[in-house]
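Enquirer: So the protein sequences, as listed, match chains H and A. Counting from 1378, one number per residue, gives the positions in the first sequence under the working numbering. Counting from 12, one number per residue, gives the positions in the second sequence under the working numbering.
For the record, the hints were derived by calculation from the structure and aren't laboratory data. Ideal Cβ positions, reconstructed from N, Cα and C, are used throughout, including at glycine. Some hints could be false.
[Unchecked claim] Keeping only pairs whose Cα atoms sit at most 30 Å apart, straight-line, the calculated DSSO-like set for lysine-lysine is: (1) 1441(H) <-> 1666(H); (2) 134(A) <-> 1441(H); (3) 1845(H) <-> 1832(H); (4) 1832(H) <-> 1777(H); (5) 1777(H) <-> 1666(H); (6) 1441(H) <-> 132(A).
[To be verified] Quick look at which bits of chain A chain H covers, simulated, 3 or more residues with Cβ under 8 Å: (7) 171-185; (8) 273-283.
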Amino acid sequence: MTEPSDLLPNLYPVNDYGPVMKGLAIGGLGIFHVFLAQFAIGGGFLMWWLEWLGQTGREPLARKLIDSVFRVLILLSFVTGALTGVGMWLTSIQVSAQTIGLMVDSFHWVWATEWIFFWLEIAAGYAFYRYGDRLPGRTRLALLGIYSIAGFGSLFWINGILSWQLTPGAWIANHDVWAGFFNPTFWPSLIFRTIVCGVLAALGAAIVINAMGEFTRAERERLIHRISVFMLPMIAMPLVAAWYLAAMPADSRGWIMGGSMVMTLFVSISAGGSALIGGYAVIALWRQKQYMNGATATLLAAIAFGATGAGEFIREGARKPYSVREVLFSNAITPAQVASLREHGVTAQNPYPLRDEADYPTAQLRKGRLVYRSLCSVCHTISGANALDALMGGWTVDQKRMNVAMLQWTEGFMPPFAGNAEELEALIQYLAWENAGRPPAWRESNDPATISQIKMWLDRAGTLPAPKAQAAFAAEESR
Amino acid sequence: MTHAFAELDGSTLFYLALYVATMVLHVVFMQYTFAGTIVVAVAAVRRRFAPGAQRDIVALVARDWLPMAVSAAITAGIAPLLFVQLVYQQAFYTANLLLFNRWMAILPVLIAAIYAMYLVKAKHVDDARVRFHRIVRPAAAVATAVLVAYVALAFVENHLVSLAPAKWTEMYANRQSMLTSPDVWVRLAMWAVASLPVFAACAAWQLRLGACGADDADRTTASRALAVIALAGLVGDLVAAAAYGAIAPAFRAAAQGEALATGVALLGVALAVFAWASVLRARVLARTMLVLAGVGSLATIAGMTVVREAMRIAALSGTSSAPHAPPASGGFALFVLFALIGIAVIAWIVREVARALARGELVSDRG
Ligand code: HEM
Chain H
1378 MTEPSDLLPN LYPVNDYGPV MKGLAIGGLG IFHVFLAQFA IGGGFLMWWL
1428 EWLGQTGREP LARKLIDSVF RVLILLSFVT GALTGVGMWL TSIQVSAQTI
1478 GLMVDSFHWV WATEWIFFWL EIAAGYAFYR YGDRLPGRTR LALLGIYSIA
1528 GFGSLFWING ILSWQLTPGA WIANHDVWAG FFNPTFWPSL IFRTIVCGVL
1578 AALGAAIVIN AMGEFTRAER ERLIHRISVF MLPMIAMPLV AAWYLAAMPA
1628 DSRGWIMGGS MVMTLFVSIS AGGSALIGGY AVIALWRQKQ YMNGATATLL
1678 AAIAFGATGA GEFIREGARK PYSVREVLFS NAITPAQVAS LREHGVTAQN
1728 PYPLRDEADY PTAQLRKGRL VYRSLCSVCH TISGANALDA LMGGWTVDQK
1778 RMNVAMLQWT EGFMPPFAGN AEELEALIQY LAWENAGRPP AWRESNDPAT
1828 ISQIKMWLDR AGTLPAPKAQ AAFAAEESR
Chain A
12 MTHAFAELDG STLFYLALYV ATMVLHVVFM QYTFAGTIVV AVAAVRRRFA
62 PGAQRDIVAL VARDWLPMAV SAAITAGIAP LLFVQLVYQQ AFYTANLLLF
112 NRWMAILPVL IAAIYAMYLV KAKHVDDARV RFHRIVRPAA AVATAVLVAY
162 VALAFVENHL VSLAPAKWTE MYANRQSMLT SPDVWVRLAM WAVASLPVFA
212 ACAAWQLRLG ACGADDADRT TASRALAVIA LAGLVGDLVA AAAYGAIAPA
262 FRAAAQGEAL ATGVALLGVA LAVFAWASVL RARVLARTML VLAGVGSLAT
312 IAGMTVVREA MRIAALSGTS SAPHAPPASG GFALFVLFAL IGIAVIAWIV
362 REVARALARG ELVSDRG
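Whole structure, please, built from the sequences with the hints as guidance.
Expert: Set out below in C-alpha cells:
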C-alpha cells in the first residue's frame, strides 16, 4: 500500500490556470459528466420497464417511445457520457496527480472491474440500438436489462471510490480495499445518486415525448403519468440526505451546514431545487395527474442540472482540507510530512523552476511564488477565483503573517502551513508584491525578529490539521 | 542483446502483461478508427470532385461503423489507461501535465470527431440535399480524419515526453513541446500506415458477413481496394519503421534487444503480405486468406507493443520513474470473476444477434 510518506512534495510540474481555480475545472466537468451518466443509467431502467410494459400489452405506445428515447440515450451517453468520464480522469490528473495516483493504486481492481461493465454497457446498448428492431422480445428485454445493470454497476463501483475520499473509515487503519469501498457514506451516497438517476431519466423522457409530435395529447398525458413513477422515490431524498450528513465527518458537516457561506449556499440550491422537483412530481404529476409540457420538463431538467452541480461542488468541497480524508491534503502534502517540511522547507527540493523567473526582482519573491505554487495554488488564485489578493489584501502585514502561520486556525478547511518561517515570510512578501502590481523593485525582508515571531506563531499553530490542532491545544492548556 | 524485461520483478511484469494485453485491444479498435477515417475522407473528397464515381463499398462500411469503432477504441483505451498509471505513474502523469492544453484537447476533439462521424453517415439527406453532398459530407469526413489524427498525435507526443525524464525540467521551464522533433511525426506516420492493414482485415470480414448489404460484385470490387490499402500499409509500415529506427536509436535498440517480439512482428507482416497478395490475385475475400491477414496483423501489433514497452523500460530504468508494480490491493478475484461473466454475456449477445439476423436480412444500415 502506498504509505503517505512515500509521496514526495513537488513531484509534479504545476500548471498555471490564470484566473480559474483548479477545483473549478474538475467541478465544472464533473457536473456534465454526472448529469449525463445519471441520465443514461436511469434512462436504461426506464427503457427496460417500458419494454416490459409494451411486451405485456400494458402500454401499446412503449415501443415507439423506446426507439426515440434510446437514440437520444445513445447519442448522449455513449459519446458525451463516456468521454466526459475519461475527461474526469484526465482532469483529476491535471488537478492533483498525487490524489488520483493514490486512488488508482488503492482501488485498481475495482476500476478494472468497472471497465468490464463499460464493455457490457456498450455491447448491449449498441446491439439494441442497431438490431433492436429485428430482435425477438425476449432478447430485447434481456439487452435492456444488461444495459441498465451494467450502467448501474459502473455507478456502484465508482461511488465506492469517491465516497472513500470523504470517509475512508476503517481503511485508514487496515488499508483493506473493501473497508475503504463500503465506507460510511457508501450507501447513502449510492441511494441518493440512484434516486437522481430516476428523476433525470423521467425528465429527459418527458422532453422527448413532448418533442416527438407523433403522440396525441391524450397519449402524451398517459405516457407522462407513467414515467413520473420514476420520480416518486424523491420522497425519500430528505431522509437519505440526513443519513448522508450523519455519516459525514463532523467538521465537514459543520462547514457545509453554515460554516462556509459558499458551501451553505450550494446546499440550499441543491436542497431547494430538489424540493421543487420532488414536490412537483409527487403533487402535480402523480396525485393530480397533471400534464407536464416540454417547457416545464426542460425547466425542471435545468433545475436538476443546477442541483446536481451544487451537489458535486458540495462533494468536492466538503473534503477540504483533504483530497483523501486523513491521508492526503488537497495540496498533495500528507499530514505526516508537515512537521518535516516545517523544518526543511517545501522549496528545498523542487525539480521544476518558475517559468517566469526573470520577472521577479528578488530571490525572496521567487521563493514566495514557489511556496504559493506548492501550498496554495490548488485552492486559490492570486487575483481570480478565491483570490488571495482579495482575501488578504486589506490585512496588515503582521496579520497576514499570523493568519497564514496559523492557517488551519484561520479556517479549518485549510491544511496547516507546510513550510518554514523563511518561506512563510517569502510568501507574504510575494503576495504583497503581487498586490502592489508587481513593481520592478522590491525590498528583501530579512529581519531576524520577524522570522522568530513567525516561528512562534507556527509553533503555536502546531502541525496537526483542524480540528485536531485545536483539540491538542486545548488539552495542553488544561494541563 | 539486452532484455529490458529481465530487470523487472514478477509483480511488475504481471501488471505490465495486463497493460500489453489490453493495449493490443485498444490498438485494434484505434487503428480501425484511424484508418477508417482516412478511407472515408479520401472517398468523400474523390466523390466530391468525381460525382459520377461508382459507390465505394469499403468507404460505406467504414462510415457506417466508425461511431461504433471509436466507442470501442475509447472503451478499450480505459484499461491501458488504468494499467499505465499503475506501472508508469510518474512518467505518464508528468507527460500529461507537461502537455497540458494539448493533452486535454483530445476530449473536445474526440467529441467533435464523433458527432462529425454521425454527420458523415447521416442518412436522410442522401438523395435530397445537394449542398449536403457537395459540401457538408466531404467537409465533415475530412474534419473527422484530421480530428482523429490529432488525438493520435497527442498520444504520440505524450508517450515520447513520458520517455524523456531528463528533459522534463527544461520542457516545463521553457514551455517546450516535442512537436518540433521529427521523432513525433515519424512515429505518428508509423501508426497511421500501420493502421491500414488492420482496417483492411476487419473491413474484409465485415464485407464477407454482408455489411451494408454487400453482394458478390461489391466484394469483388472491395477485394482489390482492400488489398491495395493493406499492401500499401504493410510496405509503408516497413519503411516507416526503418525511418524511425534510423532517427531514434532507442527504438532500434529495443527492436534488436527484443529479437523474438520483433521477429513475431515481422512474421506478421510477411503473413499479411502473402494473404493480401493472394486476395489481390484471386479477387475474392477468401476465408483462409482473411484469417491469415488477421493473424498476421495481430502478431505485428502484439510484437510491436512488446518492443514499445522495451523501449520505455530502457528509457526509464535507473530513473525515479522506473516501472514498478502498485502496492498489493484486494479485488483481483472480483475482477477475474466479472471478466469471465462479462465475456460470457458479450458472447451471448453476439450469438443472439447473429441468430436473429440469420433469420432475417443480415446487416441493417441503421444506427
Ligand atoms: C480515436 C481516438 C484515439 C486514437 C486515434 C488513439 C491513438 C493512440 C496511439 C497512436 C497511441 C500510441 C502512442 C505511441 O505509442 O506513441 C495510443 C496509446 C494509448 N491510448 Fe489511444 N487513441 C485514441 C483514443 C484513446 C482514448 C479515448 C483513450 C482512453 C480511454 C486511449 C488510451 C490510450 C492509452 C492508455 C495509450 C497508451 C499510452 C502509453 O502507454 O503511454 N486512447 N493511442
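Enquirer: Determine for every hint whether it applies to the structure shown.
Expert: Structure-based check of each hint:
1. 1441(H) <-> 1666(H): Holds, at roughly 22 Å.
2. 134(A) <-> 1441(H): holds (20 Å)
3. 1845(H) <-> 1832(H): OK: residue 1845(H) and residue 1832(H) at ~20 Å, within 30 Å.
4. 1832(H) <-> 1777(H): Holds, because 14 Å separates the two Cα atoms, which is no more than 30 Å.
5. 1777(H) <-> 1666(H): Roughly 60 Å separates the two Cα atoms, so the pair is violated.
6. 1441(H) <-> 132(A): holds (23 Å)
7. 171-185: Check passed, 5 qualifying residues.
8. 273-283: With 0 residues in contact (Cβ-Cβ under 8 Å with chain H), the coverage given for the stretch 273-283 of chain A is violated.
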